[in-house]
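J.: Heads up: the sequence lines are chains B and V, in that order.
Quick note: the first sequence, position 294, residue 296 per the numbering used here, numbers continuous.
Quick note: the second sequence, position 580, residue 574 per the numbering used here, numbers continuous.
Any given hint could turn out to be false.
[What the hints assert, rightly or not] With a Cα cut of at most 20 Å, we get these calculated SDA-like pairs of lysine to any residue:
1) K327/V <-> L140/B
2) K327/V <-> D141/B
3) K192/B <-> K465/V
4) K329/B <-> K555/V
5) K189/V <-> L170/V
6) K358/V <-> E287/B
7) K294/B <-> S288/V
8) K216/B <-> K465/V
9) K95/B <-> D18/V
10) K115/B <-> K365/V
11) K176/B <-> K189/V
12) K268/B <-> L170/V
13) K365/V <-> G117/B
14) K216/B <-> K290/V
15) K555/V <-> S89/B
16) K439/V <-> P143/B
17) K95/B <-> L610/V
18) K465/V <-> W296/B
19) K230/V <-> D122/B
No lab work stands behind these hints, which were simulated from the structure alone.
In this text, all values refer to a predicted model and were calculated from it rather than measured experimentally.
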Amino acid sequence: MNPNLDQIKSEILAVQTSPELEDLRIKYLGRNGLINGLFSKIGEQPVEKRKDYGQQLNTIKKQIEELLAIQSTKVTTVDTLVQEPESLFSLPKVGHLHPITQTERELNALFKKLGFSVYDSPIIETDEFNFQRLNVPLDHPARDMQDTIYINEPTYLLRTQGSTIESRLLSQQKPPFRCAFPGIVYRNEKVNKSNHFIFHHYQAVVVDKNITMKDLIGTMDLMFKTLYGPSAIVRYRCKYYPEVEPGVGPDMQCFNCNGTGCTLCKHAGWIEMGGSGMIHPNVLESAGINPKIWRGFAFGMGLDRWVMAKFGITDIRTFLGGNLAYKPNIL
Amino acid sequence: MKLILSHLQQFLPDLSYPPEKIRDDLSMIGHFCNYYEKVEGEIVFDLDIKVNRGDCLGYYGLARDLSVYYNLPLQLPNTIFSATNTNYELPIKVTSPDVTRIMSIKISNVKVGSSPDWLIKFIKLHNINSVNNLVDLTNYAMFLYGIPSHAFDTTKCTDNIIWENNHGKTTNFTTLDGTILKLYPENLVISNPDKVLSTDLVGGKNSGITDTTTDIIIEVAIYNRVRVRRDSKQLKTVTEASIRLEKDLDPDTIPLGFNCLASLILKHCSGQISSSLFDYYPQKTVPPTIAFSSNKPSQYSGIDIPSEYSFEVLKHLGCTISDSLVTPPSIRKDLTLEEDLIEEVVRFWGYNKIPTNQPLQYEKLSDITPKILSLIELLKDNLVALGYDEVRSWPLVQDNSNSVNPFGLDNIIRTQNSINSEFPNLRQSLITSLLEQIAQYGRYKLPKTQYFEIGKIFYLDRQQKNPYQEKYSVALYHNNPDTLIDNIKTLSKRLSINLIDQKPGLFIKNGFHFFEIYLDHLVELPGLISTPNMQNVIKNSAYELTSQIITLDANVVFSEKQDPQQLLQTYVAKINPQYLWNLVILDVYEDSAPKQFKYTVRAYYYNLDDKSAKKLHQQVFSGE
């Protein structure tokens, strides 16, 4: 007997795809595989050694099974239908957009109708554009609101907020302008069912003469009613963000308890929906825009939770975790 | 922060609104109230205090705001403390430049014991443990006025107290609760000539108040908030004191807190004042003078707010007004610009009076949408039309053999401090992400997949001023390599450019075929069709896979030839869509004698276990 278990082990652990793993399973545990071959030789053993021989083989078989099972969780599994025959007939094939993309497009469409462009900026940012130009100097307590992932501390980081795109926009474009921008942002947080270190933000910025809080609140309310329906109740209250002054916080009346208080809204009756306000004069000035002439507003919100509710997704990791799927044909 | 209504009423005796109204009003004027609850006969509000309102980390600051909002008189609690005529001057030294103001005094013959019931309840409702009457009173004074205070047992530490930066004097420091902190040279500490007694964040065991304490020095102080914030981060210590001291606090409020604390100690712990008052305040703060136009609140808000109202609010807040120049009260460190004053006026006037139904109207401005975004949307539309599904994945990837690194291992960009440390690198290729997608779909036994991702890839280019480079990329996977090539050709025709020639192009990894190209430079290629179409909203369902897809075949026989589409639709109608993932016909076989048509139908079920799927399958295809 004496199969070389170390060699078998290294063979199994070297495998990277499921077909290769299946080949090894057949080689060792298949009907005509090594182990069955050795079992068939049990009769050739001396009578007094047959029991030990059988037990040893069973132990080796079990070890190989365990190794295969462990490796099966690590290998890249081949798409099941790769080995399947092509179907003769199927219902019409259709592709799909990711739910986050669908929502971003819905919002882009809304803002396009109001004359907005769409904007973008780098994901790897500098402290200057992520914080300082947004009125958050070094050692400002507001930095605690966002745990930062650094590439090269203290200068280079992964952007922590959609407002970073705003600071690029302000520095690159001359007013007047209206821009909306979806953007992925990063916070140094543990990943679990309800929290992620990657968030999808959506933000809008307007800079023009004579922009008012009424413009801001009316436009934001239009966005909420587009997303949540005309019966959504939103209140606008005073809130602090370093990059705006005055700051405005939109809260939506909790759709679970209609404002009476429940565990979803932590008994507040309201759910915080994002942040907004009139762009702080320091922010405009740092971008070379004269705040005596130009005023603007900015608002932003996270998309993840809303998209989860809309698509019936219960785990925030699903968006980027590989288990989000679409029915392949029109049923 | 917790706010107990009965203690707030010390400052606002006429406050009699129901707690629901107070909760909502606090939120509207900027102090978001999560909830209020009735605990041990007290109404307790739970508030989120804005980081720029350090003054509202005390009852006094919140009462000032509510007094303006409700137009109620503000009253300070009575104090019995007054300056003493003792000649003894405390030998306190201050060598640190990080001290803004200290008020301190010695009290002798105090009696330390249990706190009165009202104080125990107050302390408990603020989620801290009652220690003894003296320690609890220092905390009480801090909660009332928002400025931390501390008491030293002078029998243990003498009166020779020094505020200094550590200068490497002591490396280890034991806090009141026994935690050992390793101090850094720059930390702000309170020492005597022999040892460190306290840090700016937390007191030390070696000078702590116990039941045997008789002589004490109390102090109320404010420090350079940057120093406190850095110490807090360096020492990994967050306390009620550090939360407050790292904000911009008002040195001119210290006398209020100090008098309150001294009075309460004299009242509840007996004792006599045994030193003159020590007041270190080297550089008095001067509030800014701000030019303010009373029509600005209307201009900013977009609604009419009378000028008289603006001035009335600012006066009630404690501002001094001379012509159009406004000097805010020293406690309001957040008021430095005209816009800050505008916010004050508008928040008290009420954000809820601003109409919500008047959004911006359409205005034609030049479209500054970058071309790359239009190209991305065009690609997405075309790929969806070719039957591809869009996936999104983590841009951070593992350090393993599945990682595809076309720019070289030396040029991987790594994160420095991600707590998700198993994923330290920014991807150099979307194929790394698609490989993981294949593995995930494989685990769920998802049939016949084809998908794409469009996103950023990252690499180091040390020749650039900013070496951290990123660019957009699109990557496709199809379970059938031939179809993948055909699709790229189709896409090339639709975009009027030859995509096959683009970099990095076709790629085989682990036996799977991919296609990836960088996008940024494509927008500059002549002939590219990239009509912006950002309004094209496609709506479709998506599913969160929680169990494997179960594949089952059925052979069904008919005496006549069937229309395959109709046949599939017939079976689709029989299966609850909640369980049916897909349905295809694999094979059709025609028998001549007797004449019959055999169809092999393959059904894919989800949201079902094996047994339930087989049962449903039999019901649908065998009529059982």
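J.: Take the hints in turn and mark each one as holding or not.
T.: Hint-by-hint comparison with the structure:
1. Between K327/V and L140/B, the direct Cα distance comes to roughly 18 Å. Compliance with the 20 Å bound is thereby established for this hinted pair.
2. This hinted pair checks out: K327/V and D141/B have alpha carbons roughly 17 Å apart, not beyond 20 Å.
3. The suggested pairing of K192/B with K465/V is violated, with an alpha-carbon distance near 27 Å, which exceeds 20 Å.
4. With a CA separation close to 28 Å, the supplied pair K329/B and K555/V exceeds the 20 Å bound.
5. Proximity of K189/V to L170/V is assessed by CA-CA distance (about 15 Å); at most 20 Å being required, the pair is judged to hold.
6. Between K358/V and E287/B the CA atoms are separated by roughly 25 Å; this puts the pair beyond 20 Å, and the hint is violated.
7. With a CA separation close to 16 Å, the supplied pair K294/B and S288/V stays within the 20 Å bound.
8. Proposed proximity of K216/B and K465/V is contradicted: the alpha carbons are some 38 Å apart, above 20 Å.
9. Distance hint between K95/B and D18/V is unfulfilled; the C-alpha atoms sit about 52 Å from each other, more than 20 Å.
10. Taking the CA atoms of K115/B and K365/V, the gap is near 19 Å; set against the 20 Å cutoff, the hint holds.
11. Of the pairs offered as hints, the one joining K176/B and K189/V is violated, with about 59 Å between alpha carbons and a cut-off of 20 Å exceeded.
12. Only pairs whose Cα atoms come within 20 Å are accepted, and K268/B paired with L170/V is rejected, the gap being roughly 34 Å.
13. Pair hint K365/V plus G117/B holds up; C-alpha atoms about 17 Å apart against a cutoff of 20 Å.
14. Between K216/B and K290/V, the direct Cα distance comes to roughly 14 Å. Compliance with the 20 Å bound is thereby established for this hinted pair.
15. At roughly 18 Å between alpha-carbon atoms, K555/V and S89/B fall within 20 Å of each other, so this suggested pair holds.
16. Between K439/V and P143/B the alpha-carbon distance is near 49 Å, which puts this suggested pair outside the 20 Å criterion.
17. Taking the CA atoms of K95/B and L610/V, the gap is near 24 Å; set against the 20 Å cutoff, the hint is violated.
18. Our distance criterion of 20 Å between C-alpha atoms is broken by K465/V and W296/B, whose separation comes to about 33 Å.
19. With a CA separation close to 36 Å, the supplied pair K230/V and D122/B exceeds the 20 Å bound.
Hint compliance for this structure: hints 3, 4, 6, 8, 9, 11, 12, 16, 17, 18, 19 are not met, and every other hint is.
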